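So you can see what is in the structure, the chains are spelled out below.
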Amino acid sequence: MSYSMQKKVIIVSFLALPIALLLLFLLYPTAKLLQLSFTDWNGISRTFEYVGLDNYADAFRMPELWKSLYNNWLYFLIHALFIPLEIMVAVFLNAKLRANPFFRSIVFLPYVINGVAVAYVFSYLYNPINGPINLFLQSIGLESWIQRWLSDPGVVNYSLIAVSLWRFCGLHVILFLAGLQAIPQDLYEASKIDGAGPMRQLWYITIPGMSLVIEIVLFLNVRGALQVFDIPFLITQGGPGNASSTFTLFTVDTAFKFNNYGLASTMAILLMIMIIVFSYIQKKLFQATGGGRS
Amino acid sequence: MTMGWKAKPFYYLLFALITVIVLIPMALVVFAAFKPTAELSASSPLALPKSLYFGNLEAAFVKGNILTGFRNTAVLIAVSVGANMVLGTMTAYILNRFDFRFRKLIFAMFTVAMIVPYYTTEVARFQIIKGLGLYDTLMAPILIYAGTDLLQIFIFLQFMEKISVQLDESAMMDGASYFRIFRSITFPLMLPAAATLAIIKVVEIMNDMYIPFLYMPDKDLHTLSTALMTFVGERATFWNELSAAILIVMLPAVLIYLFFQRYVFAGLMDGAVKG
Numbered sequence: 025m026s027y028s029m030q031k032k033v034i035i036v037s038f039l040a041l042p043i044a045l046l047l048l049f050l051l052y053p054t055a056k057l058l059q060l061s062f063t064d065w066n067g068i069s070r071t072f073e074y075v076g077l078d079n080y081a082d083a084f085r086m087p088e089l090w091k092s093l094y095n096n097w098l099y100f101l102i103h104a105l106f107i108p109l110e111i112m113v114a115v116f117l118n119a120k121l122r123a124n125p126f127f128r129s130i131v132f133l134p135y136v137i138n139g140v141a142v143a144y145v146f147s148y149l150y151n152p153i154n155g156p157i158n159l160f161l162q163s164i165g166l167e168s169w170i171q172r173w174l175s176d177p178g179v180v181n182y183s184l185i186a187v188s189l190w191r192f193c194g195l196h197v198i199l200f201l202a203g204l205q206a207i208p209q210d211l212y213e214a215s216k217i218d219g220a221g222p223m224r225q226l227w228y229i230t231i232p233g234m235s236l237v238i239e240i241v242l243f244l245n246v247r248g249a250l251q252v253f254d255i256p257f258l259i260t261q262g263g264p265g266n267a268s269s270t271f272t273l274f275t276v277d278t279a280f281k282f283n284n285y286g287l288a289s290t291m292a293i294l295l296m297i298m299i300i301v302f303s304y305i306q307k308k309l310f311q312a313t314g315g316g317r318s
Numbered sequence: 052m053t054m055g056w057k058a059k060p061f062y063y064l065l066f067a068l069i070t071v072i073v074l075i076p077m078a079l080v081v082f083a084a085f086k087p088t089a090e091l092s093a094s095s096p097l098a099l100p101k102s103l104y105f106g107n108l109e110a111a112f113v114k115g116n117i118l119t120g121f122r123n124t125a126v127l128i129a130v131s132v133g134a135n136m137v138l139g140t141m142t143a144y145i146l147n148r149f150d151f152r153f154r155k156l157i158f159a160m161f162t163v164a165m166i167v168p169y170y171t172t173e174v175a176r177f178q179i180i181k182g183l184g185l186y187d188t189l190m191a192p193i194l195i196y197a198g199t200d201l202l203q204i205f206i207f208l209q210f211m212e213k214i215s216v217q218l219d220e221s222a223m224m225d226g227a228s229y230f231r232i233f234r235s236i237t238f239p240l241m242l243p244a245a246a247t248l249a250i251i252k253v254v255e256i257m258n259d260m261y262i263p264f265l266y267m268p269d270k271d272l273h274t275l276s277t278a279l280m281t282f283v284g285e286r287a288t289f290w291n292e293l294s295a296a297i298l299i300v301m302l303p304a305v306l307i308y309l310f311f312q313r314y315v316f317a318g319l320m321d322g323a324v325k326g
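Sequence order for the protein chains is A and B. Count along the first sequence from 1, then add 24; that gives the number in this note's numbering. Count along the second sequence from 1, then add 51; that gives the number in this note's numbering.
In short, the hints are calculated from the structure, not lab data. Hints should not be assumed to be uniformly reliable.
[What the hints assert, rightly or not] Computed list of lysine-lysine pairs in DSBU-like fashion (alpha-carbon distance at most 30 Å, straight line):
| no. | chain 1 | residue 1 | chain 2 | residue 2 |
| --- | --- | --- | --- | --- |
| 1 | B | Lys-155 | A | Lys-308 |
| 2 | A | Lys-281 | B | Lys-181 |
| 3 | A | Lys-308 | A | Lys-91 |
| 4 | B | Lys-59 | A | Lys-56 |
| 5 | B | Lys-155 | A | Lys-120 |
| 6 | B | Lys-114 | A | Lys-32 |
| 7 | A | Lys-31 | A | Lys-120 |
| 8 | B | Lys-270 | A | Lys-281 |
| 9 | A | Lys-56 | A | Lys-281 |
| 10 | A | Lys-281 | B | Lys-114 |
| 11 | B | Lys-270 | B | Lys-181 |
| 12 | B | Lys-155 | A | Lys-307 |
| 13 | A | Lys-281 | A | Lys-120 |
| 14 | A | Lys-31 | B | Lys-114 |
| 15 | B | Lys-213 | A | Lys-31 |
| 16 | B | Lys-270 | B | Lys-114 |
| 17 | B | Lys-114 | B | Lys-101 |
On a predicted model such as this, the values are computed, not experimentally measured, just so you know.
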């Protein structure tokens with residue numbers, strides 16, 4: 025076979041399966057969601073009616089949806105507030121210290137552990153009867169700090185966000201560390217000769233040098249916060265009531281619990297639009313404040 | 052970077068605190084896993100077990116269906132990670148070595164797939180899996196996991212850049228076909244990159260919960276994650292047995308991580324810097 029003929033054959037045969045999987049399990053379902061978002065399909069019957077923009081209008085009028093979205097916002101905000109601390113931990117881990125390989129393993133460990141196991145570990149810690157956290161608070165004389173961690177609507181979201189922080193901060197630290205290690209060392213040496221202290225180095229070399237990784241973490245945070253699902257799904261099922269529901273949890277329930285596939289599809293499409301829009305806005309803000317200086 | 056003497060105590064304090072926060076929740080579960088029921092309710096959860104009691108671990112294995120979970124998780128990992136690596140390297144090989152009309156379109160499709168949300172897509176994917184007759188079979192998660200994604204393709208492409216085209220050319224002089232070149236030259240040279248990505252994928256699949264939960268409700272098809280979920284549903288208040296099950300489910304990923312962390316970090320760092 026000639027090489028030009030071979031080229032055609034190998035391109036088609038090597039790409040057939042990866043592209044088929046991509047189309048069948050990611051792109052076609054997304055197109056299908058868009059179509060279903062304009063229908064009243066219940067997931068069972070063979071037929072459905074097109075209802076125009078009704079689902080979209082309904083979605084905006086649902087208080088549960090806004091409540092869930094507010095919870096997503098809390099996850100986003102608190103995770104974002106931890107970013108400076110994560111960068112600081114990464115800067116320390118980048119120093120040449122003997123204990124650092126050990127601390128690096130520790131920091132990343134939570135991210136590797138099975139998410140279901142993590143969720144139940146914290147269910148145990150938060151347990152209201154004989155739960156380790158409340159017993160610990162009692163033993164050190166802080167009875168007033170004792171909470172119903174998972175059943176008080178005013179507390180439950182923060183309890184769950186703590187689990188999310190425990191699980192994901194380590195990933196962010198390691199990504200920041202990767203960014204730090206990509207900064208050429210001679211920049212630091214040159215600035216030292218010019219008399220720059222550690223704070224000036226941090227501000228003028230480290231942060232700009234990491235701007236790409238910071239952007240990635242910000243994107244992961246938007247995408248992650250908008251899609252929080254497994255932690256509330258496993259620990260509280262969104263309860264008490266819908267106090268700890270999230271947008272994704274509410275969408276999944278709308279489809280698989282309440283059989284309203286049309287409305288759930290609409291919410292899935294809205295979620296995708298939010299991911300695109302918020303990532304874009306955040307990227308622009310980050311660049312405008314000088315994050316993209318390098 | 053070196054650290055001034057003022058920063059040192061702060062450094063040790065900070066990392067001591069992080070170590071405690073990371074390890075204490077797991078330690079408390081280990082304590083509970085080795086206490087019999089009477090001791091669990093009588094003693095403080097912060098207290099070490101008086102002796103090592105293995106009844107909970109036994110209960111977790113016998114009632115918790117955990118061996119089935121191990122078997123199914125192992126099958127899912129072996130088949131889908133293998134397929135995923137072959138498909139990923141094949142895609143990168145074509146995209147790096149050949150120029151053709153739909154190359155840009157293919158990149159665009161993988162980019163769109165990046166922003167498709169994880170869980171909500173199941174609303175439509177569920178019908179496709181059912182329509183294909185894959186519901187309640189191991190093939191459903193296998194096909195979903197096997198597909199390659201943009202991040203993997205980027206890391207493979209970056210790696211391919213370093214494999215000289217001259218190797219391909221000299222093989223072509225000897226009359227080797229493109230398939231032969233891929234199989235005997237490119238693929239073996241990509242194995243270091245594949246090893247890193249494979250370990251990350253293994254941990255991802257081992258820890259995934261929703262896809263096996265949604266597509267494989269049959270008890271015989273439970274994975275580590277879904278077996279644990281079912282066990283918790285059945286034994287809700289027996290925290291010692293549940294802790295034992297949690298411990299068993301946590302352990303494999305932790306061990307893999309501790310043995311292979313060099314590769315995990317190498318892969319993450321490549322991905323982050325080029326991303």
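Cross-check of the supplied hints:
no.: 1; hint: Lys-155/B <-> Lys-308/A; in the structure: holds, 25 Å
no.: 2; hint: Lys-281/A <-> Lys-181/B; in the structure: holds, 17 Å
no.: 3; hint: Lys-308/A <-> Lys-91/A; in the structure: holds, 27 Å
no.: 4; hint: Lys-59/B <-> Lys-56/A; in the structure: violated, 57 Å
no.: 5; hint: Lys-155/B <-> Lys-120/A; in the structure: violated, 43 Å
no.: 6; hint: Lys-114/B <-> Lys-32/A; in the structure: violated, 55 Å
no.: 7; hint: Lys-31/A <-> Lys-120/A; in the structure: violated, 50 Å
no.: 8; hint: Lys-270/B <-> Lys-281/A; in the structure: holds, 21 Å
no.: 9; hint: Lys-56/A <-> Lys-281/A; in the structure: holds, 20 Å
no.: 10; hint: Lys-281/A <-> Lys-114/B; in the structure: holds, 28 Å
no.: 11; hint: Lys-270/B <-> Lys-181/B; in the structure: holds, 18 Å
no.: 12; hint: Lys-155/B <-> Lys-307/A; in the structure: holds, 24 Å
no.: 13; hint: Lys-281/A <-> Lys-120/A; in the structure: violated, 53 Å
no.: 14; hint: Lys-31/A <-> Lys-114/B; in the structure: violated, 56 Å
no.: 15; hint: Lys-213/B <-> Lys-31/A; in the structure: holds, 22 Å
no.: 16; hint: Lys-270/B <-> Lys-114/B; in the structure: holds, 12 Å
no.: 17; hint: Lys-114/B <-> Lys-101/B; in the structure: holds, 25 Å
Checked against the numbered hints above, the structure breaks hints 4, 5, 6, 7, 13 and 14 and satisfies the rest.
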